[in-house]
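Q: Residues per chain are reported as follows:
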Amino acid sequence: MSHGGPIPTWTHVCTMMVSCLVACCLAVPGAGAAEDDALDQLMARMSQRSHGHVTFTERHIASVLDRPVEASGELFYDAPDRLEKRTLKPQPERLVLEHGMLTVERHQREYQLALADYPLAAPYIDSIRAILAGDRRALEHAFHIAFSDSGRQWTLVLSPVNAQVATEIANIQIVGTNDVIRTVTVRLASGDQSIMTLGSPEP
Amino acid sequence: MRWRAFGVLVWMALLAAAALVVARAQYTADLSAFLPTRPSPAQRELVDELRDGVASRLILISIFGGDGASRVQLSKDLATRLRSDPAFVFVGNGEEAMSARDRQFIYLHRYQLSAKITPDRFTVTGLRSAIAESIDSLASPVGLLSRDLLVTDPTGETLQVLDQLLPSTGPRRQDGVWVSRDGNDTLLMVQTRTTGSDTDGQEQAIGIIRAEFERLRHASAPASSAGLQMTGPGVFAVQARASIKREAIRFSVLSSLLIATLLAIAYRSVRTLLLGFLPVASGALAGTAAVALCFGVVHGVTLGFGVTLIGESVDYSIYLLIQARRTPAAAASDAWIRTLWPTVRLGLLTSVCGFASLLPSGFPGLAQLGVYSIAGLIAAAGVTRYVLPNLLSDAWVARTVSGLGTSLAHAIDSMRRYRRLLWIVPLIAAATVFAHRDSLWDHELASLSPIPAADQRLDARLRDSLGAPDVRDLIVISAPDLQSALRTAELIDTRLESLVSAGELAGFDSPAHYLPSLELQGARRGALPAADDLRNRLRSAVATLPIRAVRLEPFVEAVARARASTPVERADLNGTSLAAAVDALLVQRDGHAVALLPLRAPSTGPHAFAIDSAQVSGALGEAPPGVSITVFDLKRESNALYADYLSDAIRLSLLGLGAIVLLLLITLKSISRVVRVVAPLILSVLVVTALLVGSGHPMIILHLVGLLLIVAVGSNYALFFDRRTVETDAADRTTMLASLAIANLATVLGFGVLSFSSVPVLEALGTTVAPGAFAALLFSALMAGRGASPPRAP
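Chains as they are written, first to last, in the working numbering: chain A, 1 to 203; chain B, 1001 to 1794.
FYI, nobody ran anything at the bench for these hints, they're computed from the structure.
It is possible that part of the hints are untrue.
[Said to hold, decoys possible] Pulled a few chain A residues facing chain B out of the computed Cβ check, cut under 7 Å:
1. THR57
2. ILE61
3. LEU65
4. ARG67
5. VAL69
6. GLY73
7. ASP78
8. GLN91
9. MET101
10. THR103
[Claimed, not checked] The following residues of chain B were derived to be distant from chain A, with all beta-carbon distances above 12 Å:
11. VAL1008
12. ALA1016
13. VAL1022
14. SER1137
15. GLN1174
16. GLY1176
17. GLY1183
18. LEU1520
19. ARG1551
20. THR1566
21. ALA1614
22. VAL1631
Note that beta-carbon positions come from the ideal geometry of N, C-alpha and C, so glycine has one too.
Generate coordinates for the entire structure from the input sequences, incorporating the hints supplied.
A: What follows is the structure, encoded as structure tokens:
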């Protein structure tokens, strides 16, 4: 039993939420990103979004499992800081991040968690704010950012700056073509990973 | 003369003894005055719960003002400080509901605690569906977290236990701590170690909270403008005691000053003034001592009542000191004792009859008032009769008040010409009372509460924001021992669950969720298969799942350990927050065990915010032999209890009135005289009742006591007027009128100031007795017999 109990550090959850948010904000039609200052354009576009809605499918690859587990659902974002992840399959579940509180709804029950209770989650909350504000510097405070553009597709890799967080999360990789995000991959230090594939953005 | 000195000596000895008793007595201000002294077995649980239960030990705290961040910080710091203080068994502020230690405990004992542990769970199908669900949940971020648990707990028992114990919806939280609905205050909820009926203990706990908060507030600049508010039964008891004490002292001093001023003008002698207060002081002391001796504990309400006695007991000395106007003093007082004392004594006896009707009341507050009044009045009259005359020196001369008496006599005589109009008064009064016949009495126990409405609103707001802690509905299981109490709780668990599914209840708590009975733990242990057996079943169970059975070897080991483990007992919970939860819900009282299951009302549906106790009771079915299951609606039960007292007190008061009439019949030996004495009193009571209900104030039980006081005080007036029918001396008449007027003014002043009290109990007495005493004098004067008319000049 690591992390002192069945509810380990919520860093994971925050990481998931950051990736969801990025996915939500970036799934926006617009000019194709190119060159290094394309990242600035991406950031700027993120800060302009007041509403986002996109479908997703997620594959979890865990070392204890012989086969990946799949989940699917929808993501919603509302300015200024409300984010919702609605999983429809295999088990209905709703996650809402608002006012520094994470609400989880499962099996007709609701759980509330305060992100502030989890100090390691702080950089992620900050990075969510940074993304919403289009503040690249603040984002770089929590993550090492690597951006590359091969012309056909671009890749944004976020690696945690905090060493303790890095022992659990290797990085978040976001891949897009032109103006559309294709996948968001969260790689855990243990080798387990989850790959989120995004559908077309809805109005 | 020797006999007289003996009287003074006995009085001083009694006074000293009473002072000793009063000094050593215990004083309280909790609910006990309003709880039955001879409860039925069912009421007994209610009383215990109200006095000592979970709800009685709750303090709700609100931190307001300052900025948001400092309120959050204050909440966290205050909670940390209070958690380390032994005065508190639980401190909640919304921070991480479960400590690492709690989670570790749940993880280690998941096979004893999980309600899902049955033989079915460990069949091939049972294992397959449980493991499949755990794997499915891996797809969610929450499941990702339980990744490490998958191999040791693939059936998800740890999460199951967490589900059982964590309330599904809690208060609103911001930045990790509880906040009010509008987000303007941070909230904490603490449970004290001492019970709610231990007012001193509660006062100490409140003092600790306040001191800690002040220290934290001054530690940082942004926090310095923040404030603290507290509510809860204990807080209210402490406030009530303080405000009754404060007001009792304030109003005693105020009415003493007013009456002293009045008497200083009347007597024009400091010595006479001081002598006049001797019966008052003796009466108050004797009354308190009598209550302490009869009940062991003196209630704040009774103490507050001490104030009111000043207004009445001062009358006796006024009668003596004004009416005994002959010189020398010894002759004067002898004459007074011979001619007027019998009338005062009869007045005293009628008062005693009236107050004796309170003695059999099951309402300890009323019984205490009865004892206090009877002892106080007898002492005051006794001191006036047996002590005061001996303390009057021979040089003492009563000042003449004939001027006042003469003008009063004229005023009364001119008013008597119109006394036919008096018939209108009872008609109007009776019509008013009749029109308000449905709202004569306030049947809510809360109407007695000395807590200002603003504080009650604060309490309601905090309770509303904090969600469930207003324990209003609960099931009480009373059993011979802990294990049978727990077994019964488990027995009704499934029935309550079905009420939850049906939407009749939002949820419930049970001690068995934290500490299952040994029997149930044994059954769960019996449901766990042996290691080889489990391995075989796992192989078939996971055949179609994306996990191999060998990966789950840690699970097999964990189950084997659980099979060999000893059952969880109360002591194993020490150091976890579950211990406090169990202690609050499972109590051992005088040789039997009580399990409490608080119910949460749904917020929607036909029974929104109102649980149907009868329906819940019906759904629970038969209790096992030797065990009782009772469903309580605390608010309704206590209101019903109060309504019982009220009707009881009304019935007893009417009996008291009957006793007074009987006493007068025996003494006066004339029906027409009895009617003349009783009619003004009944008329006064009727008029005061009409004034109260006509001005939109439904009466509480203390108004009834006030009406009794009107009869007690007024009977003196009526008897004096009655007595005068056999006297023709005009000088006597004017003196008597003056003494009654001054006595009446003293009573009206003494009670009148009480009308301004913020303590409802005192205010009720003031608003009833002040106008009532005046009305009684007026009606007595106007309705006195024909012989009362002054001797006409020839």
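Q: Hint by hint, note whether the structure agrees.
A: The hints, checked one at a time:
1. Taking 7 Å as the C-beta cut-off, the interface hint given for THR57(A) is violated, the closest approach to chain B being about 10 Å.
2. Against a cut-off of 7 Å between C-beta atoms, the interface hint on ILE61(A) is violated, since the closest Cβ of chain B lies about 10 Å away.
3. For LEU65(A), the interface hint holds, since its Cβ comes within 7 Å of a Cβ in chain B; the closest pair sits about 5 Å apart.
4. Taken as an interface hint, ARG67(A) checks out: its beta carbon lies about 4 Å from the nearest beta carbon of chain B, inside 7 Å.
5. The restraint placing VAL69(A) at the interface with chain B holds, with a minimum CB-CB distance near 5 Å, inside the 7 Å limit.
6. The closest approach between the C-beta of GLY73(A) and any C-beta of chain B is roughly 9 Å, which is over the 7 Å cut-off, so the hint fails.
7. The interface hint given for ASP78(A) is broken, as the beta carbon of that residue sits about 18 Å from the closest beta carbon of chain B, more than 7 Å.
8. Satisfaction of the interface hint for GLN91(A) is found here, the shortest Cβ-Cβ separation to chain B being roughly 5 Å, below the 7 Å cut-off.
9. Hint status for MET101(A) relative to chain B: holds, with the closest Cβ pair at about 6 Å, below 7 Å.
10. Proximity of THR103(A) to chain B is violated relative to the hint, the smallest CB-CB distance being about 10 Å (cut-off 7 Å).
11. Distance to chain A confirms VAL1008(B) as a non-interface residue, since its nearest Cβ pair spans about 74 Å, more than 12 Å.
12. The non-interface label for ALA1016(B) is consistent with chain A: the shortest C-beta to C-beta separation is roughly 64 Å, beyond 12 Å.
13. Taking the minimum C-beta to C-beta distance to chain A, about 54 Å, the non-interface status of VAL1022(B) holds against the 12 Å cut.
14. Its closest Cβ contact with chain A, about 6 Å, brings SER1137(B) to no more than 12 Å, contrary to its assignment away from the interface.
15. Distance check for GLN1174(B) against chain A: the nearest CB is about 5 Å away, which does not clear 12 Å, and the non-interface claim fails.
16. Residue placement check: GLY1176(B) does not keep its beta carbon more than 12 Å from all beta carbons of chain A (closest about 3 Å).
17. A beta-carbon of chain A comes within 12 Å of the beta-carbon of GLY1183(B); the shortest separation is about 9 Å.
18. The non-interface label for LEU1520(B) is consistent with chain A: the shortest C-beta to C-beta separation is roughly 22 Å, beyond 12 Å.
19. Against the 12 Å criterion, ARG1551(B) falls within the reach of chain A, whose nearest CB is about 6 Å from its own CB.
20. With a least beta-carbon separation of about 21 Å from chain A, THR1566(B) lies farther than 12 Å from that chain, consistent with its non-interface assignment.
21. Remark: the non-interface label on ALA1614(B) is consistent with the geometry, its nearest Cβ contact in chain A lying 28 Å away (cut-off 12 Å).
22. Here VAL1631(B) stays apart from chain A, with its beta-carbon at least about 25 Å from theirs, past the 12 Å limit.
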